Structure formats: structure tokens, C-alpha cells
Amino acid sequence: MLIELGITFLNTLRDVAPIVLLIAIFQIFIIKKSIPRLKNVIFGVVLVIFGLTFFLMGLEQALFPVGELMAKQLSNPEFITKTYSGSLTDWQAYYWVYIFAALLGFSTTIAEPSLYAVAVKANEVSGGTIGTLYLRFVVAIGVAIALVVGTYRIVVGDSLATYIMVGYVIVVIQTIFVKKDLVALAYDSGGVTTSTVTVPIVAALGLGLSSVVPGRNPAIDGFGLIAFASVFPMITVLGYAQINDLAIYFKKLSKN
Amino acid sequence: MILRLIGNIAGKLKTSFFDLLPIIVVVVFFQTIVLQQPFPNMLETLVGLVFVVIGLMLFVEGLELGLFPIGENLSYALVKKGSLFWLLSFSFLLGFSTTIAEPALIAVAKEAGEIAVESDLIKPEIESSYILGLRISVAISVGLAILIGIWRIIQGWPIYYLIIGGYVMVIVMTLFAPEEIIGIAYDAGGVTTSTITVPLVTALGVGLATVIEGRSPLTDGFGLIAFASLLPMIFVMGYGMFIF
Chain A
1 MLIELGITFL NTLRDVAPIV LLIAIFQIFI IKKSIPRLKN VIFGVVLVIF GLTFFLMGLE
61 QALFPVGELM AKQLSNPEFI TKTYSGSLTD WQAYYWVYIF AALLGFSTTI AEPSLYAVAV
121 KANEVSGGTI GTLYLRFVVA IGVAIALVVG TYRIVVGDSL ATYIMVGYVI VVIQTIFVKK
181 DLVALAYDSG GVTTSTVTVP IVAALGLGLS SVVPGRNPAI DGFGLIAFAS VFPMITVLGY
241 AQINDLAIYF KKLSKN
Chain B
1001 MILRLIGNIA GKLKTSFFDL LPIIVVVVFF QTIVLQQPFP NMLETLVGLV FVVIGLMLFV
1061 EGLELGLFPI GENLSYALVK KGSLFWLLSF SFLLGFSTTI AEPALIAVAK EAGEIAVESD
1121 LIKPEIESSY ILGLRISVAI SVGLAILIGI WRIIQGWPIY YLIIGGYVMV IVMTLFAPEE
1181 IIGIAYDAGG VTTSTITVPL VTALGVGLAT VIEGRSPLTD GFGLIAFASL LPMIFVMGYG
1241 MFIF
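First to last, the protein sequences are chains A and B. Residue numbers for the first sequence follow this note's numbering, so the first one is 1 and each next one is one higher. Residue numbers for the second sequence follow this note's numbering, so the first one is 1001 and each next one is one higher.
Mixed in with the good hints there might be a few duds.
[Stated by the list, open to error] Partial chain A-side listing against chain B, Cβ under 7 angstroms, derived:
1. 18
2. 30
3. 51
4. 55
5. 58
6. 62
7. 191
8. 226
9. 247
By construction, these hints were calculated from the structure, which means they are not laboratory data. Every value quoted in this text rests on a predicted model; they were computed, and no experiment measured them. We treat Cβ as the ideally placed atom computed from N, Cα and C, and that holds for glycine.
Given these sequences and hints, build the entire structure.
Below is the structure:
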């Protein structure tokens, strides 16, 4: 276990190295000024490196094996015939997979560190009106919906591009009808949902499912869950902004 | 003093634990009630969970102490220097250097190479150069994405015109790109932004929008990550059309 911890630590260092190098070069040669409170900042970066090391190591020990095992077990024909009497080609046969996908999407997104970072910043610049937990909650619901739709698509074998395009059309329509101050944040929340925690388990779910459902090719149908998880949070965050707009509108209306 | 420190740490550990509680509940529920299976390696799992909680706490602490100040400081310093050239080259290099070594991207690119060989789109001999080309095109696209995003903050353009324009390009490219690359291209957008890049880039954008007069940190500061997940899709599909 110590060896694994060491390997994870070195991997994290390797990921951080190009950024540290780039920033150091810019600070020394181009900005030519040192960072204020340098000691604190360095301490913070060390904390981030150690934090990520423990986080990734723990995920690999605890979550990924169980998550992958579950994804396999839930899409196992033996389990499905035990809970559903119809044929394996029916989309209803996989209802436990959908439930699992929804709960998995929600719970892993709540724990996603990048989303946490964006939520903290959003809370800071909005003067506290966007609560960190609120934003994470809304994004997590988006990922949950995304994974349900994504697993359903794998089962029925519809075209990925069509679904994504419909998602884009919804985003564009919402963008037209929303107050513009939250639009950039909503767009960003699409990209941050899928990093360390969600991707490995979700990928296992997609590949496992597409190798079980008759007529699906894992090489083509297994992809796309991550893409879904980056479109749907935009829709839910924009929706949240629209509900906010409506609430303000009705408040004004009742005052008059 | 020490007591207060311990209390402080305990409180933060508790917050991290509550962030992870949903995952634990989901896993336990499915394993014991739905699947009715025993837990494999109970001890390892528990130790792993403790690691995750400690790691998350350290990360959150380091974020506020280290990554956010670095990002903000860089945007202040580069604006004060008044050189657009250095600001834009920093943006490009930040996107490029963090993406080229991204493990998730390496994994996706490798998979894409295997699929391309299996479906006879490329010859097996050029598989490794195909994979490298894919990684480089994604890294360049993320660099350009951050650069365009920073340029947008400076100019104060509304984000939705650019993003909607990007969507239109994705849709048009999807019609012409080979079918085998579409799924990978769409996923490539999601895997490019790592856990260290996101806080830095967010702090950079928000810092910039705070310093430049007439920009709102909330409306203008965000959006860099949105570009970084959109442009790779366009580039990967373009790469697919160019190669095949």
C-alpha cells in the first residue's frame, strides 16, 4: 500500500509539474516579481498535492473496485433475468441500471473537487447569493439525469449525435430566455462535472452495459456518457437561473 | 491553541465526510439490498474511504491557500504589466501544458487509436503517431480555448454568441466526420479539464474580470472551462476528417 501511495504521489507530481514550471517561468522572467505571501501559497500547493494523492489513492482502494463491480453485476444477464421476466432487448429490463446511474451521477458529482472549486468562486463573486451547496446540488441533478438518459440511449441504441444536438438546442433556447448574468457559470458547470471521481466509474458502466445488451458494440456505443454529463448540467443550472428569474418577477408582481 | 486546531480540523473533516456520504449510502444500498452480495475487501475499502475524506479536506484547504491566490495574482500581475502578448501566450501555454500530459486524455486517445485500427480507418503501423497527433490536437485546442476565453473577457463579448457559434460548428462537423470518431470527440471535451487546472483557470478568469474596468466577475469571469470543453470536440472531429 505504501508503494501504491508513492506511485500515486509521483503521478500527481507529474500532473502538477508543467503548471508549476510554467508559472515559475512567468513569475521569474516576465513578471519579475515574487508572489505575495509566497510561503502560504507554497504550503497551499503542497496541501493540494497531498490532498489529491490521498483522494485518488483512496478512490482506487475503496470506490473504483466496488463501483466497477456493481456496474458489471447490475448489467449481468443473470441479475436482470432475476428481476425482470421479459427479454434482454427490452429497455425496461435495465431499470436497476438507470436507478444506479442516477444515484451514482448525483453522489459522485457532490464529491467532485473541481466543481467544489468553481462553486466556492461563484459564491465569492456573487456576494453569497449563489450558495456553494445549491450550485453543486443543481449540477449533481443534471449529471444524474444525464446518466439515466445516457444509459437508456446505450440500451436502445439511438444515435449519440442526435441526443447531443437536442441537448444543445435546449441550451440555446434557455440561453435566449434567461437573465444573462449566470450564463457563463452555467456553461462552465458542464465542463467541471467530469473529472476525477465520475469518469472511471461511468466509463465502466457504459462499457459494461454495451457489452451485455444484444446488438451493441462497446467500441461505438460505450462512449458518450461523459459527453452527456457535460451537457445536462448546463440545462439544469440554466433552469435554476430561470426559476430564480421567475421568483423575482412574481415577487415584483405581488408588490405592485 | 492545540485544542482549537484539533477542533478546526475535526470540523473540516466532518464537512468532507458529509460530501462523501451520498456515495457511501449508494454503494452500501446497492451492494447489500439490491445485489445482496458481501463486500469484497471490507478493510481496504474502509481505509480507502478514510484516505478520500482526508484528501478532500487537504485539497479544499490548499485551494484557498495556494491555487486561488496564484491564479488571481497572475491575472493582476499580467494586467499591470500591460502586455497583451504575454497574457495571451500564458493562457495558451497554460491550456496546452496541462492537457498534453493529462492521464484521462492519454487513455481516451489510446482507445481511439485501437478503434481506428480495428475499423480499418488507419494502418496499424501509424497507430502510435495517430495517437500522438490526437493528443497534440486536443492540447492545442485547449490552449486556443483558454486564449479565446481570455480574449473574450478583455473584449467583454457576451459568452453565448461564441458558445452557440461553437455548437453550430460541432453540429456541422458531426454531419461530415467519420462515425467512429464522433463518440470519442464528444467525450474528449469532457476529459480535458483536470482538478488542478479548473481552480487555476477559474481564479485567472475571475481575477481578470475583477481587474479590468467595466467587467463583472460573475458575468464575464466564468466561461473559460466552457471553451476548454467545446473546442476539443471540434478539433478531434477535424483531425478525424483530415486523417481518414
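Now the hints, each set against the structure:
{"no.": "1", "hint": "18", "result": "holds (4 angstroms)"}
{"no.": "2", "hint": "30", "result": "holds (5 angstroms)"}
{"no.": "3", "hint": "51", "result": "holds (3 angstroms)"}
{"no.": "4", "hint": "55", "result": "holds (3 angstroms)"}
{"no.": "5", "hint": "58", "result": "holds (3 angstroms)"}
{"no.": "6", "hint": "62", "result": "holds (3 angstroms)"}
{"no.": "7", "hint": "191", "result": "holds (4 angstroms)"}
{"no.": "8", "hint": "226", "result": "holds (4 angstroms)"}
{"no.": "9", "hint": "247", "result": "violated (18 angstroms)"}
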